[in-house]
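**Student:** Given these sequences and hints, build the entire structure.
The sequence shown begins at 1 in UniProt numbering and counts up one residue at a time.
Calculated lysine to aspartate or glutamate pairs in the EDC-like style (CA-CA distance at most 20 Å, straight line):
hint, residue 1, residue 2
1, 163, 126
2, 163, 90
3, 158, 135
4, 158, 126
5, 158, 64
6, 158, 93
7, 158, 90
8, 163, 93
9, 163, 103
10, 163, 135
11, 163, 101
Using C-beta positions, here's what the derived DEER-type ranges look like:
hint, residue 1, residue 2, range
12, 76, 155, 14 to 22 Å
13, 157, 87, 18 to 26 Å
14, 168, 79, 22 to 30 Å
15, 114, 146, 15 to 23 Å
16, 123, 100, 30 to 38 Å
Hint data in this document are derived by calculation from the structure and do not stem from the laboratory.
All residues carry an ideal CB built from backbone N, CA and C; glycine is no exception.
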Amino acid sequence: MDERTYSNAKDEQLKLQKTGRIAVATLAVVTALGLSACGSGDKETEGTKTTTKTTTSQVQAQSDLPPVPTVADLNAELQRGLDPNVPNSEKLELLQGISADPELPTRLVEAVQQNNASITVTGVTDLGNGTITADAQVALAGGEPQQAVVPFVAEDGKWKVQKEWICNMIQLANQTSPACV
Numbered sequence: 001m002d003e004r005t006y007s008n009a010k011d012e013q014l015k016l017q018k019t020g021r022i023a024v025a026t027l028a029v030v031t032a033l034g035l036s037a038c039g040s041g042d043k044e045t046e047g048t049k050t051t052t053k054t055t056t057s058q059v060q061a062q063s064d065l066p067p068v069p070t071v072a073d074l075n076a077e078l079q080r081g082l083d084p085n086v087p088n089s090e091k092l093e094l095l096q097g098i099s100a101d102p103e104l105p106t107r108l109v110e111a112v113q114q115n116n117a118s119i120t121v122t123g124v125t126d127l128g129n130g131t132i133t134a135d136a137q138v139a140l141a142g143g144e145p146q147q148a149v150v151p152f153v154a155e156d157g158k159w160k161v162q163k164e165w166i167c168n169m170i171q172l173a174n175q176t177s178p179a180c181v
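**Tutor:** Structure below.
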């Protein structure tokens, strides 16, 4: 193999590795984007967990929180979050502190489409104190589903994907965002 062919092969390998990392991290962020939702009331879904031990101060604080979304709520929001016809301004409202990067949702939706990704929420856990987590199964290009856990915080009467988690996913993809500086 001459040096030029070896160099081309190595360049291709590096491109594929980078594309894979970007796809996985982008998918994780899009998962988060689609999983943000306000609850829709008292609906209960199998797999939804809530904490039961509370103090008087916790009861007061929790009364100001949005209802915990169900698995069905989050899956519906996921579809909305991945819909290219939904304006970015609506999607940005579902992410904590990401308004500094208004094109982030568009880039993420395109990445999901290009990688033939599938995402399904499987559980919701109320951690109390204004935080929840969503469990999800994520698969790329028809591959085996992988487990993902996405943290949410209550802010402005809505559940939003935690900014720190979003920024960590962006960094894993060797990407940057003005929202994460």
